[in-house]
Structures are given as structure tokens and as C-alpha cells.
Amino acid sequence: GAVVSQHPSRVICKSGTSVKIECRSLDFQATTMFWYRQFPKKSLMLMATSNEGSKATYEQGVEKDKFLINHASLTLSTLTVTSAHPEDSSFYICSARVGSMGAQYFGPGTRLLVL
Amino acid sequence: QQQVKQSPQSLIVQKGGISIINCAYENTAFDYFPWYQQFPGKGPALLIAIRPDVSEKKEGRFTISFNKSAKQFSLHIMDSQPGDSATYFCAASIGQAGTALIFGKGTTLSVSS
Numbered sequence: 001g002a003v004v005s006q007h008p009s010r011v012i013c014k015s016g017t018s019v020k021i022e023c024r025s026l027d028f029q030a031t032t033m034f035w036y037r038q039f040p041k042k043s044l045m046l047m048a049t050s051n052e053g054s055k056a057t058y059e060q061g062v063e064k065d066k067f068l069i070n071h072a073s074l075t076l077s078t079l080t081v082t083s084a085h086p087e088d089s090s091f092y093i094c095s096a097r098v099g100s101m102g103a104q105y106f107g108p109g110t111r112l113l114v115l
Numbered sequence: 116q117q118q119v120k121q122s123p124q125s126l127i128v129q130k131g132g133i134s135i136i137n138c139a140y141e142n143t144a145f146d147y148f149p150w151y152q153q154f155p156g157k158g159p160a161l162l163i164a165i166r167p168d169v170s171e172k173k174e175g176r177f178t179i180s181f182n183k184s185a186k187q188f189s190l191h192i193m194d195s196q197p198g199d200s201a202t203y204f205c206a207a208s209i210g211q212a213g214t215a216l217i218f219g220k221g222t223t224l225s226v227s228s
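Line by line, the protein sequences are chains S and D. Following my numbering, the numbering of the first sequence begins with 1 at its first residue and continues without gaps. Following my numbering, the numbering of the second sequence begins with 116 at its first residue and continues without gaps.
Calculated directly from the structure, the hints in this document are not laboratory data. Errors might be hidden in some of the hints.
Only pairs whose alpha carbons sit at most 30 Å apart, straight line, appear in this in silico DSBU-like list of lysine-lysine [what the hints assert, rightly or not]:
#, chain 1, residue 1, chain 2, residue 2
1, S, K42, D, K157
2, S, K55, D, K186
3, S, K14, D, K157
4, S, K41, D, K186
5, D, K172, S, K41
6, S, K41, D, K120
7, D, K220, S, K66
8, S, K42, D, K130
9, D, K183, S, K20
10, S, K20, D, K157
11, D, K173, S, K55
12, D, K220, S, K42
13, D, K220, D, K173
14, D, K173, S, K42
15, S, K64, D, K120
16, S, K55, D, K130
17, S, K55, D, K157
18, D, K173, S, K20
19, D, K157, S, K41
20, D, K172, D, K186
21, S, K64, D, K220
22, D, K172, D, K120
Keep in mind it's a predicted model, so treat the numbers as computed, not measured.
With the sequences and hints as input, model every part of the structure.
Below, the structure written as C-alpha cells:
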């Protein structure tokens, strides 16, 4: 299957700092990538849909100024958590879709801990 | 409003047994139904997926059964193994519209040896 990578896998930061998470499709081009957040023992919550070369579409309740998404190329999308606070601590997972109706493949996730 | 309802929340199966997880959806526009397997601390991995033009799809020990009229689909894991112990998520999307996946709440499967 298609491979999606995420970097870093884990990050610890101080409250008030910004953290950037990278999501890359390694062996295919992804016109659409998605960012999810997952709390312990919970399902995946869609944060935003990212289309290459255009602005991301955020789900209701997700602050676009806090969670900045950039999809500059067909293989890279980034999520920046700005001015992170302890409540932003979570497991962030990206996914990339193969083609317009294709399967969606997930990255390994990034564990963010804000102290 | 939860668009994809998944049950049971947790499941314990003996090694060699059949694990069955069910999902029901509400939006008749959904046309893509995947199942994902997730281990702790890892991202979900695509197991198997089905589109509504077929009623069953089998890949190895994993089978999806799909009932369009009842708006239900299920995952069957044959000959369940301890290594299958994980959380399973069903999902649905409108493929033609390129929408994001809507996930069920997940089922934690434990296969006892």
C-alpha cells in the first residue's frame, strides 16, 4: 500500500511555543491530505482537509489561526500548532488520499505534549 | 448526529474464533466503506474496503459484508489470532465528492490465547 510518513513522531514543548508537524506521501502524489486529532481510547476527529495549492478547509470548532495548515506540494502538508497550550496535547495523525476517489492512507502519528 | 455507528465497543474472542464488528450508516450518499486497524501509539492501517456495488469482499482472513438496503456493513475476522488484538474502526465517505472519512467510534478487540 501507499506510504505516508510523519515527522516528528513525538514532541515535547513548552506552553506558548509553536510546533510544526510534517506529513509526506512517500510513493504517490496526494492532491488531498487530511489532519486528524485523536484522544486516548477515542476515535479520530477530523480537523481539516488540505488541498495542494489552496487554503485548507477546517471543521467546525477548529481554530484556523491556531492550527495552521500548509499544503505546498503534492507530497507534503504541514500542521503548525501555534502558541501551544497543555490542552493541545494530543495525538495528531495525517492521511493522504490516492486519487480523487481512492483509498486514504494514514501516517504513523505525532504525539504532542505541551508542558 | 453520529453518521456511522459502530458496535460492539469491545470484543473478546478466543484464538481461532470469528470476530465480528458491525457498523451502520445514515447517509445514503456514502459510497466508500473502509475498515482500519490501529495498534496503540500507531496510525490506522487500511485493512479492507468495499463499495456499494458488491455485497461481500474477502482479503485473506478479513471479509466485509455489505447490506445496502439495511445501511449496514460488517467486518469478519476468521481464525482470529492474538496478533489481531487492536482497535478497529469502520468509516464511510462520499468518494465521488471527495469527502473526508467519517469514522465510527471504534471496537477494541482482544484475542485470547
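Okay, the hints, checked on the actual structure:
1. Between the alpha carbons of K42 (chain S) and K157 (chain D) the distance comes to roughly 13 Å, so the proposed pair stays at or under 30 Å and holds.
2. Under the criterion of a C-alpha separation no larger than 30 Å, the hint pairing K55 (chain S) with K186 (chain D) is inconsistent with the structure, at around 34 Å.
3. With a CA separation close to 24 Å, the supplied pair K14 (chain S) and K157 (chain D) stays within the 30 Å bound.
4. Among the hinted pairs, K41 (chain S) with K186 (chain D) is consistent with the structure: their alpha-carbon atoms are about 26 Å apart, no more than 30 Å.
5. As the CA atoms of K172 (chain D) and K41 (chain S) are separated by approximately 28 Å, the hinted pair is consistent with the 30 Å bound.
6. A C-alpha spacing of about 16 Å is found between K41 (chain S) and K120 (chain D), which places the hinted pair at or below 30 Å, so the restraint holds.
7. With a C-alpha separation of about 26 Å, the suggested pair K220 (chain D) and K66 (chain S) falls inside the 30 Å cut-off, and the hint holds.
8. Under the criterion of a C-alpha separation no larger than 30 Å, the hint pairing K42 (chain S) with K130 (chain D) is consistent with the structure, at around 26 Å.
9. A hinted pair counts as satisfied when its Cα atoms are at most 30 Å apart, and K183 (chain D) with K20 (chain S) does not qualify at roughly 42 Å.
10. About 19 Å separates the Cα atoms of K20 (chain S) and K157 (chain D), which keeps this hinted pair within 30 Å; it holds.
11. A distance of roughly 39 Å separates the Cα atoms of K173 (chain D) and K55 (chain S); the hinted pair therefore is violated under the 30 Å criterion.
12. With a C-alpha separation of about 7 Å, the suggested pair K220 (chain D) and K42 (chain S) falls inside the 30 Å cut-off, and the hint holds.
13. Taking the CA atoms of K220 (chain D) and K173 (chain D), the gap is about 23 Å. The hint holds against a cut of 30 Å.
14. Annotation: proposed proximity of K173 (chain D) to K42 (chain S) holds, straight-line Cα distance about 28 Å (limit 30 Å).
15. Using a Cα cut-off of 30 Å, the hinted pair K64 (chain S) and K120 (chain D) holds, with the two alpha carbons roughly 28 Å apart.
16. With a C-alpha separation of about 48 Å, the suggested pair K55 (chain S) and K130 (chain D) falls outside the 30 Å cut-off, and the hint is violated.
17. Simply put, K55 (chain S) and K157 (chain D) have alpha-carbon atoms about 28 Å apart, close enough for the 30 Å limit, and the pair holds.
18. In summary, the hint linking K173 (chain D) to K20 (chain S) is not supported, as the alpha carbons are separated by about 40 Å, beyond the 30 Å threshold.
19. The hinted pair formed by K157 (chain D) and K41 (chain S) meets the criterion: a straight-line CA distance of about 12 Å does not exceed 30 Å.
20. Restraint check: the Cα-Cα separation between K172 (chain D) and K186 (chain D) comes to about 16 Å, which is no more than 30 Å; the hinted pair holds.
21. Distance check on the hinted pair: K64 (chain S) and K220 (chain D) sit about 25 Å apart at the alpha-carbon level, within 30 Å; holds.
22. A C-alpha spacing of about 21 Å is found between K172 (chain D) and K120 (chain D), which places the hinted pair at or below 30 Å, so the restraint holds.
In this structure, the hints that do not hold are numbers 2, 9, 11, 16, 18, in rising order.
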